[in-house]
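Could you build the full structure based on these sequences and the hints that come with them?
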Amino acid sequence: MDAAELQKKIYTLVETNMGKKKMKSGDLKKAMVAEGATEEEFKAALRELVDGGKLVYSYFGGSFIEVPHTEGSANPQQ
Amino acid sequence: MSKDVKTPMLDDLEKGAWPSFVKEIKKAAKRSNTAHDLLGILERSYRDKVTHWKHGGIVGVLGYGGGVIGRYCDLPEEFPGVAHFHTVRINPPSGFFYTSKAMKELCDIWDKYGSGLTNLHGSTGDMVWLGTQTDKLEPIFAEITAKGWDLGGSGSCLRTPSSCVGMARCEFSNIDTMSICHTMTQKFQDELHRPAFPYKFKIKVSGCANDCTAAVARADMSIIGTWKDNIRIDQAEVKNLAKSMNIQEEVVDMCPTKCMSFDGSTLKINDKDCNRCMHCINRMPKALRPGKEKGATIMLGGKAPIVTGALMSWVLVPFMKLEAPYDNLEALIRKLWEWWDDHGKNRERIGELVDRMGMRSMLEATGLPPVPQMVKAPRTNPYVFWAPGEVK
Ligand code: HEM
Ligand code: HEM
Ligand code: SF4
Ligand code: SF4
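Protein chains in written order, with our numbering: chain A, 1 to 78; chain B, 1001 to 1392.
Hints may be right or wrong, so weigh each one.
[Stated by the list, open to error] Cross-link-like lysine to any residue pairs, in silico, SDA-like; alpha carbons within 20 Å at most: (1) A:K30 with B:T1134; (2) A:K20 with B:K1345; (3) A:K54 with B:I1058; (4) B:K1345 with A:F60; (5) A:K29 with B:D1190; (6) A:K54 with B:T1134; (7) A:K21 with B:H1343.
Calculated from the structure, these hints are not laboratory results.
Right under this line is the structure:
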């Protein structure tokens, strides 16, 4: 799958789920593999997104991927 | 700096003969406002009998999903020095060997950006730096990486692998624990820094069954050095030791598998029944040595109680030869991760997944043969139940 397209799909999936479901890296991978991406393509795309600061890792009893927003203590979902 | 607070309850913890964390925090408080307010909030917590810490959230360095544990206090106006109190994990050298120069460099970085308080080493095996603020994280990261260091793991990822001092200092080591630890750390950089697992995964490497890293109790994958052939006996040294110790009582009678005998001059071991527990070798290190065919027992599933109760690791591979670059070990770990990734629920450790799905599913996924040594504890079911179609 085209890298830019894959990144867009991952970002959209995280964004549309915000406030409803916290997405784990594994959830995103399964969804993208179902859409035809390989695991390696997915990993590379997610890494690009995180290295570029478009998505960030968060921790709430486990690690999740989120669109960056207010940090830690100010997080409304905490 | 915030106003001085009286800390009568903490002061009580300075009494007595033991080292006191209160004394150390007070020392650090002379130079650091973070350490100073830490005293205040601790006293307050002891008095109120509630924690004033909050945790979680988005905090770390760009690109990494782990290595920093975010902590905040719920009384930031009163204790501004600990409004943020993040922990930084530094991946230590294998076997925890530092030069004093390296140690000084690390401490200088920490004094510059944090409370100066450390934990060497945390139970994760990392060098732990306690108490800094969000805006200090990128500068800390830039300075440690410039000196060749890196952050450790936190969150749902491979945690910083750790090992005992192994062959560097210990004659008992059957495997090069430090090399295994270092090699796995390098091979799995992605898994360490970019959390993609259902939950945490720990690898600890001990050179022998004395298990100085407590791998069996603490690591999802416990790698324990062992040997396959016979214990080497120096009978002359046995005779010599018999003059100063009671070999029958202290060694033979204490052998858990009762596979030893001693007639007053010659020590015999039925190695087929020996479970390589190390007791006799610990007691008579001059007379007894591990065999020459060395490798490791690979065990799976150890963890502390969080979601379900504590588990001890159990045998997965009774004997694996471990020689650099350890591709056999890497392949096994990757297969286990794949299976866990496919089936594990959020916050489910791999040992819990084996409990839920059964050994058969895990064995089919990894291609490992079922062997009698796979019993989880004495007197539990040693049987692997086959799918009807597989029975010939
Ligand atoms: C009053 C009669 C009996 C009592 C009170 C009794 C009690 C026990 C106990 C307490 C255990 C140990 C269980 C464990 O540690 O998990 C055991 C094990 C066993 N018993 Fe009995 N038992 C009796 C009769 C029998 C008879 C008549 C047989 C066979 C004909 C038998 C065969 C076994 C076997 C095969 C084991 C397992 C041994 C092992 O795993 O090492 N028992 N029994
Ligand atoms: C076709 C007949 C039998 C089958 C298929 C069978 C199967 C089993 C299985 C699968 C276990 C292990 C259970 C576990 O560890 O969770 C077991 C344990 C045991 N069986 Fe049987 N069994 C049979 C007949 C018998 C008979 C006739 C006796 C005694 C007279 C007996 C006595 C025992 C005892 C004492 C244990 C417990 C052993 C222990 O855990 O220490 N079984 N049996
Ligand atoms: S686990 Fe064994 S080899 Fe490692 S330091 Fe301890 S006694 Fe030595
Ligand atoms: S290593 Fe343990 S089981 Fe083996 S002979 Fe020595 S004491 Fe017995």
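Quick rundown of the hints versus the structure:
Taken as a hint, the K30 (chain A) and T1134 (chain B) pair is broken in the structure, with Cα atoms around 32 Å apart against an allowance of 20 Å. Between K20 (chain A) and K1345 (chain B) the CA atoms are separated by roughly 18 Å; this keeps the pair inside 20 Å, and the hint holds. Between K54 (chain A) and I1058 (chain B) the CA atoms are separated by roughly 13 Å; this keeps the pair inside 20 Å, and the hint holds. With a C-alpha separation of about 15 Å, the suggested pairing of K1345 (chain B) with F60 (chain A) holds against the 20 Å cut-off.
Of the pairs offered as hints, the one joining K29 (chain A) and D1190 (chain B) holds, with about 15 Å between alpha carbons and a cut-off of 20 Å not exceeded. Our distance criterion of 20 Å between C-alpha atoms is met by K54 (chain A) and T1134 (chain B), whose separation comes to about 18 Å. Proximity of K21 (chain A) to H1343 (chain B) is assessed by CA-CA distance (about 19 Å); at most 20 Å being required, the pair is judged to hold.
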